[in-house]
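Trainee: Spelled out, the chains give:
Number of protein chains: 2
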Amino acid sequence: MTTPSGPRPGARKRIVDTAFRLFYARGPRGVGVDTIIDEAGVAKASFYKHFPRKDDLVLAYLDEVDRTWLGQLRACARAAGDHPAEQLVGMFDALHSAARREGYHGCAFINSAAEASPGSEVHARSVDHKRLVRAWVTDLARRAGAADPEGLARQLTVLLDGGLSAGVLDADPEVAASARSAAAVLVAAACPPARASTP
Amino acid sequence: MTTPSGPRPGARKRIVDTAFRLFYARGPRGVGVDTIIDEAGVAKASFYKHFPRKDDLVLAYLDEVDRTWLGQLRACARAAGDHPAEQLVGMFDALHSAARREGYHGCAFINSAAEASPGSEVHARSVDHKRLVRAWVTDLARRAGAADPEGLARQLTVLLDGGLSAGVLDADPEVAASARSAAAVLVAAACPPARASTP
DNA sequence: TGACAGATAGACAGACCTGTCTGTTACGGT
DNA sequence: ACCGTAACAGACAGGTCTGTCTATCTGTCA
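If you read the sequences in order, they're chains Y and R.
Per the numbering used here, the very first residue in the first sequence carries number 4; after that it's consecutive.
Per the numbering used here, the very first residue in the second sequence carries number 4; after that it's consecutive.
A hint or two may mislead.
Stated by the list, open to error - Between beta-carbon pairs, the in silico distance windows are: (1) R:Arg103 with Y:Tyr107: 45 to 51 Å; (2) Y:Arg146 with R:Ala138: 18 to 24 Å; (3) R:Asp58 with Y:Asp151: 42 to 48 Å; (4) R:Ala82 with Y:Lys52: 27 to 33 Å; (5) R:Arg104 with Y:Asp151: 38 to 44 Å; (6) R:His53 with Y:Glu153: 28 to 34 Å.
What the hints assert, rightly or not - No farther apart than 30 Å at their CA atoms in a straight line, the calculated lysine-lysine pairs in the DSBU-like style are these: (7) Y:Lys16 with Y:Lys57; (8) Y:Lys133 with Y:Lys57; (9) Y:Lys16 with Y:Lys47; (10) Y:Lys57 with R:Lys16; (11) Y:Lys133 with R:Lys133; (12) R:Lys16 with R:Lys47.
None of these hints come from the bench; they were simulated from the model.
Every value quoted in this text rests on a predicted model; they were computed, and no experiment measured them.
Just so it is clear, CB atoms sit at the ideal spot from N, CA and C, and this is done for glycine as well.
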């Protein structure tokens with residue numbers, strides 16, 4: 004289960020963990036529920052009890068990715084320094100970490116949205132995630148003293164999306180480095196007297 | 004038909020045209036060959052005569068996209084001016100045109116690669132396309148006098164990928180504008196005495 | 001001991017998908 | 001007039017997918 008208190012150690016968590024791994028590697032449509040059931044070691048009835056439709060599991064997967072990725076962005080930002088301008092550049096370190104991870108396969112949201120119907124919940128959830136990230140970056144840009152915080156946030160999130168989504172092709176660490184250096188240039192140009200260079 | 008000389012008026016072209024439309028909208032895996040056969044108005048035998056495996060049609064589709072997209076990038080670059088630095092920024096107008104097009108759905112290569120097996124021909128073809136684009140941008144950056152042409156090209160292609168691939172979520176024209184403005188900043192920073200501003 | 005909640009195993013229906021195969025029709029060149 | 005090529009129509013096999021259903025097992029609480 005999701006909280007550590009409940010008397011439920013297995014089943015649902017095994018399903019979600021397995022789905023996370025398989026969905027990210029092959030895309031939700033590339034993984035049948037039978038495969039998940041086998042690898043998670045649960046019964047079909049248990050599966051459909053927790054997730055009446057397959058899409059319910061896909062949404063749970065996306066929520067998991069949303070939590071994880073935002074956490075990594077925040078951690079990298081914080082680790083880069085106290086000044087918001089430094090953090091705007093530092094968050095791109097999350098890209099580098101992601102690219103080094105085994106089985107890196109690009110952006111889960113863009114990959115999922117690519118195979119979902121435009122009006123579906125899966126698609127909407129992906130849009131929500133991107134909006135959330137951009138709102139966070141906008142806030143950071145505002146605190147960094149950017150003349151146009153929303154403009155800078157858009158530039159940086161486009162860059163972030165590019166670095167992330169290209170990972171579905173190859174896990175080239177150069178891409179992350181380029182995105183970071185580009186971010187440094189953009190932040191420096193947008194934040195008036197800032198010393199946005201990073202150690 | 005493919006060549007203007009041959010005695011081939013229909014069939015194959017109808018298949019490719021239909022595939023282009025449907026594959027781009029729903030992704031190759033989201034479209035069955037029966038659907039293509041129906042909408043193209045061809046017989047199943049004709050389909051499999053021209054494309055023995057479905058993947059052969061997917062590859063033809065990707066080649067079509069490759070040709071089209073590179074053509075648009077080049078056209079936008081040329082239209083932006085004679086100086087390579089101007090062209091590096093101008094190519095981002097292709098993003099804006101794409102976003103305004105009916106049925107815009109992001110990057111066909113990233114979307115296709117997301118659902119293809121990592122070792123497949125479809126995946127490899129997508130990687131090739133991105134490499135081709137980057138080579139062209141690198142050449143432009145070199146002629147623009149960039150201190151580090153490959154570095155600038157990487158920055159710009161990451162930006163381009165971000166602007167393009169995000170289109171699978173929503174066709175926001177602001178994204179294209181942000182990518183273009185960011186490109187202008189990056190080009191200006193990378194090309195020594197350049198006046199990289201655009202009309 | 002008995003009742004119950006939650007899990008397990010696995011058959012099944014119905015839809016869809018790829019690829020094969022048979023047979024028919026239309027047309028262009030000789 | 002004849003023949004070969006390309007296209008047409010559509011049945012069929014074999015597989016996969018989602019989601020439903022029955023039936024059995026296990027542990028906990030009273």
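Trainee: When the hints from earlier in the document are held up against this structure, which numbers fail?
Mentor: 1, 2, 4, 5, 6 and 10
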